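Engineer: Going down the list, the sequences are from chains S and G.
If you're matching positions, the first sequence starts at 1 in my numbering and goes up one per residue.
If you're matching positions, the second sequence starts at 1 in my numbering and goes up one per residue.
Fair warning: there could be bad hints in the mix.
To be verified - The calculated label-pair distances, taken between Cβ atoms and stated as ranges, are:
id, chain 1, residue 1, chain 2, residue 2, range
1, S, E262, G, N173, 16 to 26 angstroms
2, S, F337, G, S76, 30 to 40 angstroms
3, S, E439, G, G241, 55 to 65 angstroms
4, S, D610, G, Q96, 41 to 51 angstroms
5, S, D598, G, K115, 49 to 59 angstroms
6, S, L300, G, P311, 31 to 41 angstroms
7, S, K513, G, I453, 46 to 56 angstroms
8, S, E361, G, N3, 41 to 51 angstroms
9, G, Q482, S, E5, 50 to 60 angstroms
10, S, E262, G, Q96, 35 to 45 angstroms
11, G, K124, S, E439, 37 to 47 angstroms
What the hints assert, rightly or not - Here are the simulated DSSO-like pairs of lysine-lysine, each with C-alpha atoms no more than 27 angstroms apart in a straight line:
id, chain 1, residue 1, chain 2, residue 2
12, G, K161, G, K388
13, S, K327, G, K157
14, G, K115, G, K37
15, S, K510, G, K119
16, G, K124, S, K510
17, S, K327, G, K12
18, G, K308, G, K9
19, G, K478, S, K320
20, S, K112, S, K45
21, G, K124, S, K552
22, G, K157, S, K510
Said to hold, decoys possible - Stretches of chain G that chain S covers, calculated by requiring three or more beta carbons in the stretch to come under 8 angstroms of a beta carbon on chain S:
id, segment
23, 52–63
24, 115–129
25, 515–529
Think of the hints as simulated: they come from the structure by calculation, not from any bench.
Remember, it's a predicted structure, so these values are computed and weren't measured experimentally.
Even for Gly, the Cβ is constructed at its ideal location relative to N, Cα and C.
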Amino acid sequence: MKTFEEIQKIREETRKLLDLRVNTKADTREKHILVCHGTGCTSSKSPKIIENFRRILEEKGITNVRVIQTGCFGLCAKGPIVIIRPEDTFYAHVKPEDCEEIINTHIIEGKKVERLLCKDIDGRVVERLDELNFYKKQKRIALKNCGVIDPENIDEYIAFDGYKALYKVLTEMSREDVIKCVTDSGLRGRGGAGFPTGKKWQFTYIEESEQKYVVCNADEGDPGAFMDRSILEGDPHSIIESMAIAGYTIGANQGYIYVRAEYPIAVHRLRVAIEQAREYGLLGDNIFGIGFKFNLDIRLGAGAFVCGEETALLESIEGKRGQPRLKPPYPAHMGLFGKPTLINNVETYANITRIILNGAEWYASIGTEKSKGTKVFALGGNVNNVGLVEVPMGTTLREIVFDIGGGIPNGRAFKAAQTGGPSGGCIPAENLDTPIDYESLAQIGSMMGSGGLIVMDETKCMVDIARFYLDFTVSESCGKCTPCRIGTKRMLEILTRMCEGNGTLEDIDKLEKLAVNIKKTSVCGLGQTAPNPVLSTLRYFKDEYLEHVKDKKCRAGYCKNLCSIVIDKDKCKGCHLCAKNCPVNAIKGEIKQPHEIDQTKCIKCNTCADKCPFKAIYKATI
Amino acid sequence: MVNLIIDGKPIKVEEHTTILEAARQNGIDIPTLCFLKGVNAMGDCRMCIVEIEGRRGFVPSCIQTAEEGMVVRTNSPEILEARKIILDLILSNHHQDCLTCTRNGNCELQDLCVKFNVKKIEYKGEMTEHEIDDKSPAIVRDFNKCLLCRRCVATCKNVQKIGAIDCTERGFNSCVSTTYDSSLNDVDCTFCGQCIEACPCGALKEKEYTDDVWEKLKDPDVYTVVQTAPAVRVAIGEEFGMPIGTNAKGKMVTALKNIGFDKVFDTNTGADFTIMEEATEFVERLQNGGTLPMITSCSPGWVRFAEKNYPDLLGHLSSCKSPHQMFGAIIKSYFAQKYEIPAEKICVVSVMPCIAKKYEASREEMEVDGLRDVDYVITTRELARMIKQANIDFVNLEDGNFDDPMGEATGAGAIFGTTGGVMEAALRTAADVLEGKDLQKIEYEQVRGEKGIKEATLNIAGKELKIVVASGLANARKIMDQIKAGKADYHFVEIMACPGGCVVGGGQPIKNSKTRATVDVRKLRADALYSIDEASTIRKSHENPALKQIYKEFFGKPGEEKAHKYLHTHYTPKAKYNI
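Just chain S, with the same shape it has in the complex (with noise of 0.2 angstroms):
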């Protein structure tokens, strides 16, 4: 156990060493290369690189320069990311054997690696990671920490004020008084509904209990959603002392994090910073020898998407089948094994400490006037810079999709953009000057939801990305209510239908006047949400379904059934490249004479388009 005179000393000498991870200007002859360890880089091969990275180092006996494991750094689409403090030198699309030449070029001769330099979208070299476009728009607040600290290392993270925030809540503030600060911060719930989370914290402090509970949800389940997984890979001790925070003001001393067993990083990370709290003292019986008790367990999810909503949630931990309570009652009230329960998401919880180091009126200036703060979004799809972005409410989804993401590849145009996963909608192009905040979302008839922003252009059918959508609420529902249970499935076999081209003009009545009442009837979020892509699509691509449907025709040519591949016989030389290659015998033609495809066989699989020089092989809506 160390008290907070202790911990004050290891911030001290730590920030000291670690003045090169935020300072350029850095007066030391150390250097850290940071690799990122986050899931996508992982799957990269980030371990080799960290790995290949010290041996080297070994062998040249190099001894100021240490090697650094981080969380996300954001900028997935260049992963795997490595980045050279002080001088913050960005380094894209390492390969586990380019390290030698790196610390050959790099470190022992002072020079850079010029082909493995980051190039922003215009094809600009980039040296500096804060000259890439992708940060510019940027202001990360959640993610502070993410792409700056070993998170496997408390010391890091208490050298960046960690637990200063905790210490301050137990020594000057009043359980009211963090109250009044998370309520004037204006900070809403960041897990997908955007409730207030002062109003959620009162609520839990006003009941009077025994035994009360503080949960943090971080079921992440959004087809796409990488934001909480990220910051508890990156930064999991800023989760650990708000929940602690949390702990303090509703009068909680035992806190659980709700985490799907598919994020073994993020919980291998959770386990160890946990571990570490407990060494120090700022987990257990008395957190910093002032006398405050504040336990963390770790309950791993099975990955049911429903997990996700709060009472399902609370269910699981119970060790019950995954479906959701009927509320009311609220948690607050009667919560995990019926006691009272304050249960925030991953990034609700990770704006806690700032909000409280940093007051609530700086929180509350940034965003706008409804949505306070910033909103990380896990940016994919058909966008140059997939990857996580953290920006201020109120940002348009245009300076999102174009600024930061880069634009959309191949020079094909936007087409639509998806938030909120599928309880969310889809935004056209019209609406690319939207501000993204909770309330314009609803009205554009998508929500915020936790931060899933994917990018679709032209080729996209957007009756196909409503029946992908149903597709997942249909194998995520718990089958607890007849209108989700039932309704969706519905849902799906008329999309289906339509996608196969044997849709008609009633289904489309069909399915909206179903899709209307699902949304009234339906138990728990999963279920009144789920009709949204399809209610988004109907209004805003009405007329891909009608095409679907009546002319039998998809514009993206993308659903198989509604589209054919042809051969342009003037452009044709009859190299039979394209009867070679294709793998069902479905082209036949002359060498040297125009080819022909057999309808009845074509499996549109468009390997023949692929493979012609000539670019004589196209897609042509029937």
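Once you've looked at the hints, dock chain G against the given chain S.
Structural biologist: Just chain G now, with coordinates in the frame of chain S:
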């Protein structure tokens, strides 16, 4: 009190009243499906949704409590459309072989279809397919008809505290199933059949033996004997539109004769035999230091429960067979010999309010000298079906009498059909035996009524006797845990598997959710049994003249060798699961 407005009508109700109750109390009906009063109120099916001013989305009225100032609409066009879609969706995944379904005519789903004027299914699509589980001798599960209302799950898990069935799989594939999807026969199901009573449609039903019985009736070489349990007569009339609690004994007997049974006997007489044997066993144990407390064994669901859950305590169970099994054995021995009918030609059919009796009759132990005590057990419901099949105008039948020599039963036998009845009947005899005289005291009020556990201390022959009556397996478990922990100082325990006893057994006429919410079915049927008892001239089993005669002619004394051979059985520990 809480003031609210429902459909424009100002209403005042007690606090904690649900909107559904508030509406029904004021003549406004709301359709329900998964709701079953006192058993299941989860708001899952969404049939009872209503609109509350200021609330987003619709709210299930079966769980939402009325709040001050609430403005509720139960029948707006939006609500009606939403409910109809819910029903449509349920129908879209329901195997609709209504015409051949056991529940045709008594099905809550059918009722809803009529109510909603359903003409076609709008959202047809893929249907889930399940194998029918008919492996057990008692219950058939056909989950192709299941609506996922989970009333059965709540009954098994929360009321009986067994949990043999629960929801498995996810989403569209969700289904009610057992451990590893095994047959009910192979899991901890006790065959109490309360799940069947809870099922709104035909997903759960008894294993039906009416066709087999018709075959026997047709066969001139078979001598058919039927016996009816006490609780059947006070419920059978309901199947023909008579009020709940009507004693239709006379019409039932006439109907059975019209159907063509060679003899129609009363299981109540069997019950008198059970009391003779059980009271004798109890007095024996009490006086000679036998295993106490002694526990009744006439409820086969309870016996199966004990064998699976308390294998170490089986010595506490009375070794007496249940009344219909005793009676079956008597028919094939004493009766056969006396009337010179070859025992192997006799087919004994028991009409029971019970599902577990089907299982009981199939138990290996239930035979003497290679002859099964009972050949077929049919439920009250199955008998009603046979009567209908035979075109019998039940309501207008003349009253008939049970056949002699075993038609005469006492009031003690009659009350066997309700919780506390076996105890009371046994006490009437045991007290007389212990005191050595004909006591005036006949009624034991302490063991009557709806309470799940009823304790009493009686002073008989200068000795304090502590007794307890438990109905429902959740209560049985409480008592057994006390006995197991050595904390029970009871002398005599009555346990019935079904909460309330046989009158509301798993084989009785099924009452829909609305009836169960508004009428105390158990009380009405039990009251009818107590009335039969009160009206009886002989109210103590040991005073039954037919019984005395048969002991004299055939068995000798209760508890002695011959009686033991025919009228007693034994129990064996059973594995909870055979998977």
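Engineer: Of the hints stated earlier, which fail here?
Structural biologist: 12, 18, 22 and 25
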